[in-house]
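Those sequence lines, one after another, are chains P and X.
First residue of the first sequence: 42, per the working numbering; consecutive thereafter.
First residue of the second sequence: 6, per the working numbering; consecutive thereafter.
If you are wondering where the hints come from, they were derived from the structure by calculation, not from laboratory data.
Only a predicted model underlies this, so the values are computations on that prediction, with no experimental measurement involved.
The beta carbon of each residue, even a glycine, is placed where N, CA and C say it ideally should be.
The hints are all genuine.
Which stretches of chain P does chain X cover? Using the computed rule of at least three CB atoms under 8 Å from a CB of chain X, they are:
(1) 49-58
(2) 153-162
(3) 230-243
(4) 261-270
(5) 300-308
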Amino acid sequence: MTESPKNLRDASLTKAIMAEIRRITTQPWNIMEICGGQTHAIMQYGLDQLLPPEITLIHGPGCPVCVTSLQAIEQGLQIASQPDVIFTSFGDMLRVPGNQADLFTARSQGADVRVVYSPLDSLKIANANPDKQVVFFGIGFETTAPTIASTILTAKKAGITNFSILPANVLVPPAMHAILSNPANRVQGFLAAGHVCAVMGYHEYLPIAEQYQIPIVVTGFEPVDLATGILMTVQQLESGQHQVANAYPRFVTKEGNQVAQSIIAQVFEPVDRQWRGIGAIPLSGLGLRPEYASFNALTRFELTQTPLNESPLCIAGQVLSGVAKPLDCPAFARECTPAHPLGAPMVSSEGACAAYYRYHRTRE
Amino acid sequence: MCLGIPGKVMKIYEQDGILMASVDFGSVEQAVCIATTPEVTLGQYVLVHAGFALNVLSDTEAEETLKILHDLQEFNARLTEEDQTQ
Chain P
42 MTESPKNLRD ASLTKAIMAE IRRITTQPWN IMEICGGQTH AIMQYGLDQL
92 LPPEITLIHG PGCPVCVTSL QAIEQGLQIA SQPDVIFTSF GDMLRVPGNQ
142 ADLFTARSQG ADVRVVYSPL DSLKIANANP DKQVVFFGIG FETTAPTIAS
192 TILTAKKAGI TNFSILPANV LVPPAMHAIL SNPANRVQGF LAAGHVCAVM
242 GYHEYLPIAE QYQIPIVVTG FEPVDLATGI LMTVQQLESG QHQVANAYPR
292 FVTKEGNQVA QSIIAQVFEP VDRQWRGIGA IPLSGLGLRP EYASFNALTR
342 FELTQTPLNE SPLCIAGQVL SGVAKPLDCP AFARECTPAH PLGAPMVSSE
392 GACAAYYRYH RTRE
Chain X
6 MCLGIPGKVM KIYEQDGILM ASVDFGSVEQ AVCIATTPEV TLGQYVLVHA
56 GFALNVLSDT EAEETLKILH DLQEFNARLT EEDQTQ
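Can you make the complete structure from the sequences, with help from the hints?
Quick look at the structure:
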């Protein structure tokens, strides 16, 4: 037995699960997949087309590039534009629009902006360039948090002092609270993001399911995984249950990866954080603990406050909180395209607008 | 960003004090940091994200899930056959 995509992309198995969903569904249900990676997989495999019309999938805010605040992007641009700085980032972040420019623009104007695959690559750049300040744009959910924390621990151990991060990590459970306590909320069940849960487990979701009486099913990313997650959610909705269930047990346990969690807790602590398009969510981010404050780029560089200007056309906030779908936006595929994005969800490989642009238009 | 790619651990080693593994992703082998999965052994599958292994695949759970789903597939196929014979 291996992790074989052949089994997990089996069309007849996916269709059989979809048939079971159709068989048990008696009324309309709204289910949110939190993770943008799942949104893309759903659109890519056309799973939304195979579901009965009663089931509506609402796309969630789990796109780290999309929710990284405009302020953090402006801070990144300012840091990147300083002399003797190498600014490193995951690639998706480079085309996210700031007030006027993005990091690609900064690079074209002479800033040393480099794409890295891992924060460890950034640390290697710091080691090789002792006369430069190397900054990593620390974005992402609980999946990137252990990778960034582990890199900081490595930097500290190795005595590398020209490395720092622009801290912008966010957390899933506080965002779920924010969605569920919004009076406009339509979500009746959640597919919890499988890879976040691979790190964090799912014990954090038990009080959420109880408080809001909502089923939460930990779900993976292959078609069979997604169909199973939806089936287990519908089974609960149809029988009036609100449990936390696990449709991704091959990588997720209730406790999660405790080594990773302790590394996160050693370096980071929960802080209030601004989510782009959504607003401030209490204790929804990870900030550096005082012992690691020297790795904070925000204290290492002198930055000026800039006014923040979002595009008046973009409805990213409504898309990210599940209130609107990308096709509801008048700018979709007109003023806003992946080549000229007005908002971050059109940029990212996890953004809902980019998923609709790439997969939905080909069906028309 | 939360993409995780499963791969097979082929070699475990230490580099500059960091616990690393060489991981086979089918067509390409890559160096992956296993500081957050120090328990992993050769031949096991890990879920890799941003150059780090986030967790180790549970073979038994993977088999169990597929078995349940194949049972469901057979169950639905029987239902369809019964529908057609009625």
